[in-house]
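Trainee: Per full-length UniProt numbering: the sequence shown = residues 1 to 162.
It is possible that part of the hints are untrue.
[Stated by the list, open to error] For lysine-lysine, the following BS3-like pairs were computed, each having C-alpha atoms within a straight-line distance of at most 25 Å: (1) K88 to K102; (2) K61 to K5; (3) K61 to K7; (4) K88 to K126.
[As the list claims (entries may be wrong)] Quick list of simulated restraints, FRET-style, between CB atoms: (5) N28 to T146: 22 to 32 Å; (6) V43 to G17: 12 to 22 Å; (7) Q149 to P30: 18 to 28 Å; (8) L142 to T79: 28 to 38 Å; (9) N28 to I134: 37 to 47 Å; (10) T146 to P30: 16 to 26 Å; (11) V97 to A18: 21 to 31 Å; (12) K61 to F159: 51 to 61 Å.
These aren't lab readings, by the way, just hints derived from the structure by calculation. Just so we're clear, the structure is a prediction, and the values are computed from it rather than from any experiment. Heads up, the beta-carbon is just placed ideally off N, CA and C, and yes, glycines get one too.
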Amino acid sequence: MDTYKRKELLVGALMLGAGLFYLFLTINLPRKGFIDASTVPYVLSVGLCLLGALQLLTATKATQLPADPDADADSSAATPPDYPTVFKTLGLIAVYVALLQKVGFPIMTVLYLYAQFIVITPREQKVNHITYIIIAVVTSALIFFTFRQGFDLMLPTGFLKI
Numbered sequence: 001m002d003t004y005k006r007k008e009l010l011v012g013a014l015m016l017g018a019g020l021f022y023l024f025l026t027i028n029l030p031r032k033g034f035i036d037a038s039t040v041p042y043v044l045s046v047g048l049c050l051l052g053a054l055q056l057l058t059a060t061k062a063t064q065l066p067a068d069p070d071a072d073a074d075s076s077a078a079t080p081p082d083y084p085t086v087f088k089t090l091g092l093i094a095v096y097v098a099l100l101q102k103v104g105f106p107i108m109t110v111l112y113l114y115a116q117f118i119v120i121t122p123r124e125q126k127v128n129h130i131t132y133i134i135i136a137v138v139t140s141a142l143i144f145f146t147f148r149q150g151f152d153l154m155l156p157t158g159f160l161k162i
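With the hints as extra help, turn the sequences into a complete structure.
Mentor: Below you can see the structure in the form of structure tokens.
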């Protein structure tokens, strides 16, 4: 078995194992109804198990194409890793988590999403501020009211007191 296929099988096995472990932990959560606080963990664990199984299935049928050494050298030279974007994202996540309780979920989520959209926008593309703000506000409101009304779970409101 070649190295490529082994790596793909290992990734699939790890995904399936993580999904099964997460499912085992989720089964121990108390249930209050059909849709409650444990619904999302069930969906995530089943999804992870399905992805792991699909990865294993795909890996068993995978065959690595003969590699052209010149193509690999050209592709890695053309796209170097973008470490500043990774560090900016980690910084944004840290600020989001640090201020979530004080400022509140709706405002912090809007600010985080807007800033993250700007960070991940390619340098050669113009930043579309209006679209980013609209997407951030709608997404934040949708998530907040889904958790509050649909799942009956309170997210931190901060100083908004809603």
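Trainee: For every hint, state whether the structure bears it out.
Mentor: Now the hints, each set against the structure:
This hinted pair checks out: K88 and K102 have alpha carbons roughly 22 Å apart, not beyond 25 Å. Using a Cα cut-off of 25 Å, the hinted pair K61 and K5 holds, with the two alpha carbons roughly 9 Å apart. Taking the CA atoms of K61 and K7, the gap is near 13 Å; set against the 25 Å cutoff, the hint holds. Using a Cα cut-off of 25 Å, the hinted pair K88 and K126 holds, with the two alpha carbons roughly 19 Å apart.
N28 and T146 have their C-beta atoms about 25 Å apart, which keeps the hinted 22 to 32 Å range intact. Between V43 and G17 the beta carbons are some 19 Å apart, a value that agrees with the proposed interval 12 to 22 Å. Range check, Q149 to P30: about 21 Å between beta-carbon atoms, so the 18 to 28 Å window is met. Under the hint 28 to 38 Å, the C-beta atoms of L142 and T79, about 34 Å apart, fit the expected range.
At roughly 41 Å, the beta carbons of N28 and I134 sit within the given window of 37 to 47 Å. Between T146 and P30 the Cβ separation comes to about 21 Å, which falls inside the hinted range of 16 to 26 Å. Taking the beta carbon of each, V97 and A18 are about 23 Å apart, inside 21 to 31 Å as hinted. At about 55 Å, the CB distance of K61 to F159 agrees with the hint of 51 to 61 Å.
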